[in-house]
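Enquirer: Quick note, the sequences are listed as chains A and B, same order.
Following this note's numbering, the numbering of the first sequence begins with 1348 at its first residue and continues without gaps.
Following this note's numbering, the numbering of the second sequence begins with 775 at its first residue and continues without gaps.
Hint data in this document are derived by calculation from the structure and do not stem from the laboratory.
Here the structure is a predicted model, which is why all the values come from computation and not from measurement.
Every residue, glycine too, gets a C-beta built ideally from N, C-alpha and C.
Misleading hints may appear alongside valid ones.
[As the list claims (entries may be wrong)] Taking CB as the label site, the calculated pair distances span:
hint	chain 1	residue 1	chain 2	residue 2	range
1	A	Q1512	B	E1124	20 to 28 Å
2	B	H924	A	K1504	47 to 55 Å
3	A	K1402	B	T1182	47 to 55 Å
4	A	A1414	B	P1122	51 to 59 Å
5	A	E1525	B	I1011	17 to 25 Å
6	B	A1069	A	R1429	41 to 49 Å
[As the list claims (entries may be wrong)] Here are the simulated DSSO-like cross-link-like pairs (lysine-lysine), alpha carbons at most 27 Å apart as the crow flies:
hint	chain 1	residue 1	chain 2	residue 2
7	A	K1369	B	K954
8	B	K1187	B	K1083
9	B	K1218	B	K1113
10	B	K918	A	K1402
11	A	K1472	B	K966
12	B	K966	A	K1369
13	A	K1369	B	K918
14	A	K1472	A	K1504
15	A	K1473	B	K966
16	B	K966	A	K1402
17	B	K966	A	K1504
18	B	K966	A	K1423
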Amino acid sequence: MNHHIPGLSSGSHLDFVHLWTKSARRVHAYLLVLVMNWSDAEDLLQEVAATAWEKFPEYDSSRDFLAWVNGIARHKALNSRRKTALSLELTPELAELLEQEIASEAGTLTRQLALLQQCVSGLRKKDRDLLQLRYAPDSTMETVARRIGRSVAACYKAIQRIHNQLFACITVKLSRGEP
Amino acid sequence: MTNGSQRIRTLYGLLRGGNEQPEVMNAILRLVEEDRDARRTYIQLVHMEVNLPWLVDAGTETETRILRQVQKEVASQRRLWFWTISSSLIAVMLFVGIGLLRTDLLDGNELVVPQMLAYVNPDPDAVVDGVVLGQRSVVVREGKPFTLLHGTVQLVTDGQSTIILTAPLQMEMVERKILKLIQGDLVASVSKNDVGFVVETPGSKYVDLGTKFGISVDLAGNSQLHVFDGIVAAEPIADTAGQPRRLVRTGESLAYTPTGLLEAERLSKPTRFMAGLNRLHGIRELTRAIHHLPAPPKSVQPGMLIHNKFIYLIPEQRHVRLPQELEVVSPLSGRITRKEDCITLMLPPETHCSSYLIHLQTRDTNTPLSGTIRFDQPILGLVLSTEGLFETDTLFGLEQMAYPDWDTVVSQKLSRGSVIGFRGTSDSGDIVEVLDDRHTLSLKIRGGGANFDQIRILVSDPYSPLGN
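Produce the complete structure using the sequences and hints provided.
Expert: Below is the structure:
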């Protein structure tokens, strides 16, 4: 798919902002698939944005922007793995395989997003509130625990339960072919 | 559900349950390499996790608020048209009324309401578009100029970024995530929803890549940028300027002329944005020795942050909901110079508040330091005692900042607190007072020796993600 925006000159600043805005969440997901740690993925996302912005004049607008920027993300993730003490078995081949799988699952993932919205709306208010606290800016599980006066372990469990509930809800809706 | 899919869900549950061990991570990697169902399930799980914050975070409340305003406005306009048709008399009156309204809302027979992209929180001192803002909030619409003649206001975008605008200022929200700053100072804390947020100035464009930054534009159109945290991409607007794109990182600054030329020598100090940074943290005004530390220091333990001229003010946790009642010193205690002056107060459970820590340690035992802090929101209570501070560290403290350790304080016979924190001696020489407006704290503290003065200030938090 060509993400170039008609009417804008290739490599323009506004072009980048539009393309990045459209792709950022997918790049974030790809990074999280590769590095598995939320804050590492967020840090890398910022680095990817910075590099993509720097290299944007070299970007060929006939190419798929997401694929181009995912290439940068893959490179960053593999490099960061080398720098850390963690001996993760992430290879360039596996990173590429995962990227291909994400591309082939694009349709499902888009439907999943719409269904996720429905499933979140179906949650109990208490659970929605907890998610809201968990995903507030700069929030961590420790801050959530402090704010609601429960242990960190209990918060992990509660969030995990909600995630499971949401994933089950999406899976059922997907299998039923719900829009 | 296949075996691989089930296994990956179990492993993912372990990973997200706080168990980020390499063994678990590698088990996931091996499984997704071997089993396609596991791979697909893993990708779906991660995508769900990445998208969840966007669906549930506090931005929803902002959008809902803006949506409600739009709905209210549309409903009132429908009523207007109904009466226009049903009664010629009312129609004539309405015609006059509409004539007095802003004519740019009307386009032929079709009512055009420019999109609302942000709102400005109420501020009693601010003058917006020639009108005192007072207790009203103002909606900022797409393509509509916004002029701040006096004061400092907090603008919240529909992506939940917070931007502090300081007068005199002229700006316009060109579209979602694009703000044109014609003149004035702003300090922005950009939310994850708004990454890629652009500030256009006469000679340059600044693109946020996840950050806190300040931008200033003078009357001639010269602009300067200072990045407090993260990365901002900067470039001249005119292609002919021949200036390269720049990435500006934490602690760095940059200046452009209106024609897009880089001008390093014109840079002013980042303290220029201090007032905006204060407001970003809910602090309206600081006087004399009070010094705000917007980025938390590594430690507020004994022996750290020693300074003979500063009383440090450190923002701690925001949006805290009290899990149980909490005893504090009432802001109605008046002038506190000894333990007996304190009136205690129980804050009820579920109270929403934000916390700030005062820290003072000096080598100079003779000269007291003084100053005032005026907060945006009313002060709910103070924690002055050694025990009270230790008891509330867990609830209000920052993870990245090391707090004093009880055993160290006791074994080294140190004191923590203020006025009543000094082991029962009521003659510390400290004076603490919440003024009648309940927003202002006045301090006069004598530091020195092995003792260090700390006070925790709890301030009301009406903007909690869960509401109050």
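Enquirer: Going through the earlier hints one by one, which of them does the structure break, listed in rising order?
Expert: Checked against the structure, the hints that fail are numbers 5, 6 and 10, while the rest are satisfied.
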